[in-house]
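Undergrad: In the UniProt record's numbering, the protein residues as written are 1 to 129.
Since the hints were derived computationally from the structure, they do not count as laboratory data.
These figures come from a predicted structure and were not determined experimentally.
Beta carbons are placed, not taken as given, at the ideal position from N, Cα and C, and that holds for glycine.
Any given hint might turn out to be false.
Said to hold, decoys possible - Derived DMTMM-like pairs: lysine to aspartate or glutamate, alpha-carbon spacing no greater than 25 Å straight-line:
id: 1; residue 1: Lys43; residue 2: Asp24
id: 2; residue 1: Lys43; residue 2: Asp28
id: 3; residue 1: Lys43; residue 2: Asp53
id: 4; residue 1: Lys43; residue 2: Asp70
id: 5; residue 1: Lys43; residue 2: Glu62
id: 6; residue 1: Lys43; residue 2: Glu29
id: 7; residue 1: Lys43; residue 2: Asp17
id: 8; residue 1: Lys43; residue 2: Glu26
id: 9; residue 1: Lys43; residue 2: Asp77
What the hints assert, rightly or not - Simulated restraints, written as ranges between beta carbons of each label pair:
id: 10; residue 1: Met22; residue 2: Ala55; range: 14 to 22 Å
id: 11; residue 1: Leu25; residue 2: Arg72; range: 17 to 25 Å
id: 12; residue 1: Leu23; residue 2: Glu47; range: 19 to 27 Å
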Amino acid sequence: MTHHAAAELFDPNRLFDTLQQMLDLENDEALSHVLHVEPYLIKRVREGVHPIDPALLIRINEATGINMRDLRQMMGDRRTEYRLDTSPPPVVAPVKEAVEKHGEGEERDKLRRSFERDDTGLPNFVQWS
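Throw the hints in and build the complete structure from the sequences for me.
TA: Here you go:
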């Protein structure tokens, strides 16, 4: 387990440690298996290299049933307001051009389908693996 200083400080390690205790798991690898994420993702978040993004919080919520507010409190996130990202979505025109230049026939169609595959209702740049 990771040592935690003051409870009011933001520390994603507290979230992972609490989840391991609640789910009676031995290590981060077992937690990653329950959350259906790669073990290196939890390691990178613990090291401070990667932030806890909304997709990871959603996976934790779906796997445990703990609501988002409680998950955020576990890691010390006490914000009461959130800013939405108002930046435009990434430009996909260069991707389409690359697909068109990729060649002919089946290979090009396969590449095009891989870019067009999307969950209904989600923007093209949001993909679940």
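Undergrad: Now tell me, hint by hint, if it's right for this structure.
TA: For each hint, the structure was consulted:
1. Lys43 / Asp24: holds (19 Å)
2. Lys43 / Asp28: The hint holds at about 8 Å.
3. Lys43 / Asp53: Cα-Cα ~14 Å, so holds.
4. Lys43 / Asp70: Roughly 22 Å between the alpha carbons, so the hint for lysine 43 and aspartate 70 holds.
5. Lys43 / Glu62: holds (20 Å)
6. Lys43 / Glu29: Given that 25 Å is the threshold and the Cα spacing comes to 9 Å, the pair holds.
7. Lys43 / Asp17: holds (12 Å)
8. Lys43 / Glu26: holds (15 Å)
9. Lys43 / Asp77: Holds, because 20 Å separates the two Cα atoms, which is no more than 25 Å.
10. Met22 / Ala55: 14 to 22 Å: 21 Å Cβ-Cβ, so the 14 to 22 Å window holds.
11. Leu25 / Arg72: 17 to 25 Å: holds (21 Å)
12. Leu23 / Glu47: 19 to 27 Å: Holds - the Cβ-Cβ distance for leucine 23 and glutamate 47, about 22 Å, lies within 19 to 27 Å.
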